[in-house]
Amino acid sequence: MRPEAGPGEWASWGVSPSSVAASGGRLPPIALTTNCPSCGVGLVPEALRERCYVCDCGHHFRMHADAWIALLADAGSWQERWADIRPHDLLEWKVPRAYQETLDQARAEGLNEAVRVGTATLAGLAVWLAVFDFRFVGGSLSIVAGERLTRSLEQAAATRTPYLLLAASGGARMQEGILALMQMAKINGAVGRLHQMGVPYFAVLTDPTYGGVPASLALLADVNIAEPGAAIGFTGPRVIKQSTHADLPPGFQSAEFQLRCGQVDLVVPRTELRARLAHLIQLYTRPGRGRG
Amino acid sequence: MPKRPRDTLSVWQVVELARHPERPYALDYIRRMAPDFVELHGDRVSHDDPALVAGPGSWRGLTVMFFGQQKGRNLAERVARNWAMMHPEGYRKAMRLARQAAKFGFPIVSLVDTPGAFPGAGAEERGIALAIGQAIMGWFEIPVPVVAAVIGEGGSGGALGMAVADRVLMLENSIYSVASPEAAASIVWRDSARKVEAAAQLQVTSRDLQAMGVVEEVVPEPEGGAHRDHEAAACALEAALWRHLEPLLRLPASELLQHRYERFRYIDSLVQAAPDFGPKVEPRGAAGNPAER
Numbered sequence: 001m002r003p004e005a006g007p008g009e010w011a012s013w014g015v016s017p018s019s020v021a022a023s024g025g026r027l028p029p030i031a032l033t034t035n036c037p038s039c040g041v042g043l044v045p046e047a048l049r050e051r052c053y054v055c056d057c058g059h060h061f062r063m064h065a066d067a068w069i070a071l072l073a074d075a076g077s078w079q080e081r082w083a084d085i086r087p088h089d090l091l092e093w094k095v096p097r098a099y100q101e102t103l104d105q106a107r108a109e110g111l112n113e114a115v116r117v118g119t120a121t122l123a124g125l126a127v128w129l130a131v132f133d134f135r136f137v138g139g140s141l142s143i144v145a146g147e148r149l150t151r152s153l154e155q156a157a158a159t160r161t162p163y164l165l166l167a168a169s170g171g172a173r174m175q176e177g178i179l180a181l182m183q184m185a186k187i188n189g190a191v192g193r194l195h196q197m198g199v200p201y202f203a204v205l206t207d208p209t210y211g212g213v214p215a216s217l218a219l220l221a222d223v224n225i226a227e228p229g230a231a232i233g234f235t236g237p238r239v240i241k242q243s244t245h246a247d248l249p250p251g252f253q254s255a256e257f258q259l260r261c262g263q264v265d266l267v268v269p270r271t272e273l274r275a276r277l278a279h280l281i282q283l284y285t286r287p288g289r290g291r292g
Numbered sequence: 293m294p295k296r297p298r299d300t301l302s303v304w305q306v307v308e309l310a311r312h313p314e315r316p317y318a319l320d321y322i323r324r325m326a327p328d329f330v331e332l333h334g335d336r337v338s339h340d341d342p343a344l345v346a347g348p349g350s351w352r353g354l355t356v357m358f359f360g361q362q363k364g365r366n367l368a369e370r371v372a373r374n375w376a377m378m379h380p381e382g383y384r385k386a387m388r389l390a391r392q393a394a395k396f397g398f399p400i401v402s403l404v405d406t407p408g409a410f411p412g413a414g415a416e417e418r419g420i421a422l423a424i425g426q427a428i429m430g431w432f433e434i435p436v437p438v439v440a441a442v443i444g445e446g447g448s449g450g451a452l453g454m455a456v457a458d459r460v461l462m463l464e465n466s467i468y469s470v471a472s473p474e475a476a477a478s479i480v481w482r483d484s485a486r487k488v489e490a491a492a493q494l495q496v497t498s499r500d501l502q503a504m505g506v507v508e509e510v511v512p513e514p515e516g517g518a519h520r521d522h523e524a525a526a527c528a529l530e531a532a533l534w535r536h537l538e539p540l541l542r543l544p545a546s547e548l549l550q551h552r553y554e555r556f557r558y559i560d561s562l563v564q565a566a567p568d569f570g571p572k573v574e575p576r577g578a579a580g581n582p583a584e585r
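Listed in order, the protein sequences are those of chains A and B.
Counting from 1, one number per residue, gives the positions in the first sequence under this note's numbering.
Counting from 293, one number per residue, gives the positions in the second sequence under this note's numbering.
Distance condition first, Cα-Cα at most 20 Å in a straight line; then the derived EDC-like pairs of lysine to aspartate or glutamate:
no., chain 1, residue 1, chain 2, residue 2
1, A, Lys94, B, Glu489
2, A, Lys94, B, Asp483
3, A, Lys241, B, Asp483
4, A, Lys241, B, Glu417
5, A, Lys94, A, Asp104
6, B, Lys487, A, Glu92
7, B, Lys395, B, Glu547
8, B, Lys395, B, Glu433
9, B, Lys395, B, Glu331
10, B, Lys487, B, Glu308
Think of the hints as simulated: they come from the structure by calculation, not from any bench.
All chains, full assembly: derive it from the sequences and hints.
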């Protein structure tokens, strides 16, 4: 099925993980509280920025899509695709807040939907990169998000380029109704084809990843990676408590919990993530591997 | 509920009909369609999920693999069936038997009727999100015809996990939604009591979904709702399922799978047609697509 690897197709093999910087470029500022919610220490934004927004105590602050792209992609390598697809208020959703107003405000703030996709290199290795943006309606899975994910998965399959997903989402977007739910099927059809083509797929699950995103593509990677302390699950703890009146143990649905439950392969600190990904991409794209 | 012309029902009245305690449930339809239905059990890993009934039966001269999310008629049955809310084991059982159907070339009929996947700690520990995701992906690789019908409640990912099909039908007074009205109200208003407004905004009725191009056909129910005449409701559903399944039996597997992929790939074509949706990606081989409406 796979054509012979031509000269240069895997020419980037041989990047030493120890030579991979924690960040591809300088991270943009993110919104921070004055103190760390885990250890209470007063935060120095500039110092934190140099440490990929990880506190000394190990707390990982939520990053937006721009920060993730700056962290993962080599500086200057990010080429965004299909940024011009725009969401629509197809249900004419009015209360408690008009969806159109939500969309207009997000756009005025310079945000472009809950998922952005494009090509990049990571330590010189070509990847398709899809990044959720939790700032845009809670990173919710919408028609535009689903379309960008599906197109990029199809392109990655067609060009045999490793696919890298950065997940952060509250689930499907209510204001787009049933068509938001249908994105899960649309996306997973494309994930299946990516796997059939033998293209490696890596997912990074960050805080929080819930609902329709882990129930569609986010846990179907060849290697599922979670950030330390990230909350990952299908149903959120509030709803579980409401519907079953059960007490949930401390750390329920944390990355470490999901590692014990067999749902993720690795829990990787953000400062080591990029080197780990570079290593994994090389392991899974080594020339002359099994498939003919 | 008083008898009234169907067009005057409010959205919430439709929700109540979809959840009516005397409404026919999956086994009421399956046993009428295939009186020799044999229920099979277990995911072959750890458990059986009684919220999903599954197994082969004879229907119109074929062996068909039936699936149905099954509610209970009384309290004991409801508890035993877990209100048709599936655990991960249910989706794994579904995939096991879907692959079995593929082995023998049996077509598949899936009846959807669930408020959603079970929102409990055990389901989370045993990987409910992954189980649904694997099922949704898995259905695209089952090379036999799959026809699904929403017969009551189509709640969220828990319903979609059993509704990735070549054709999806809905009974007239059933609902299909991104989240249950209660859950949507809880997410949007942080107050599940706003469920009536949420249901209206979500556009969850069969007519809404047909208008959005998500389902191929709305199957009319007996006057007043399916609960008033189980036999007539089953006859109408049986005929509609066959009308959609029969032409699929003649398609080669590769075409079937390509059409199933495209059915969902372009399911939002209504929205994609908008001028600022960006560069168009043309459907491949769209001509003669049986999923086209």
